[in-house]
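Novice: Residue numbers (the working numbering): 38 to 138.
Note that these hints are calculated values from the structure, not bench results.
Careful: at least some of the hints might be erroneous.
[Claimed, not checked] The calculated lysine to any residue pairs, modelled on SDA-like cross-linking and capped at a C-alpha distance of 20 Å, are:
hint, residue 1, residue 2
1, K79, K91
2, K131, I77
3, K91, D128
4, K91, V134
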Amino acid sequence: MATLALAAATLVGGTLLTAVPAQAEQVREVETQAVLCRYIVKVDVSAIKERPSKTAPFVRYLYRNHTVLATEAQTNGFRYLREGEWIPVSDLAKLDVNCLN
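Work the whole structure out from these sequences, hints included.
Specialist: Put into structure tokens, the structure is as follows:
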């Protein structure tokens, strides 16, 4: 018997994203998250994912000492960079005490 996963859609920054129901709520949280912070990549190589999941498809790599703006809030152990790009929280170190709203 085949299993069917229904997709949910939400609007983030003017772009429509789709997610399975378990991730739909996580994407909604990012939609309302307006606080961005500067972080530096603290590992040699960080694999950026398409969604906040270890099993999500790979998008690109970031390397040690690369600085990024990412959400202060975490979703499933990841921080949101931009549409379709999530980075593991454990790969980042915060650069600033104060974040941008």
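Novice: Each hint should be assessed against the structure and marked as holding or not.
Specialist: Now the hints, each set against the structure:
Between K79 and K91 the CA atoms are separated by roughly 18 Å; this keeps the pair inside 20 Å, and the hint holds. Straight-line distance between C-alpha atoms of K131 and I77 comes to about 6 Å, which keeps the hinted pair within the 20 Å bound. Annotation: proposed proximity of K91 to D128 holds, straight-line Cα distance about 13 Å (limit 20 Å). As the CA atoms of K91 and V134 are separated by approximately 28 Å, the hinted pair breaks the 20 Å bound.
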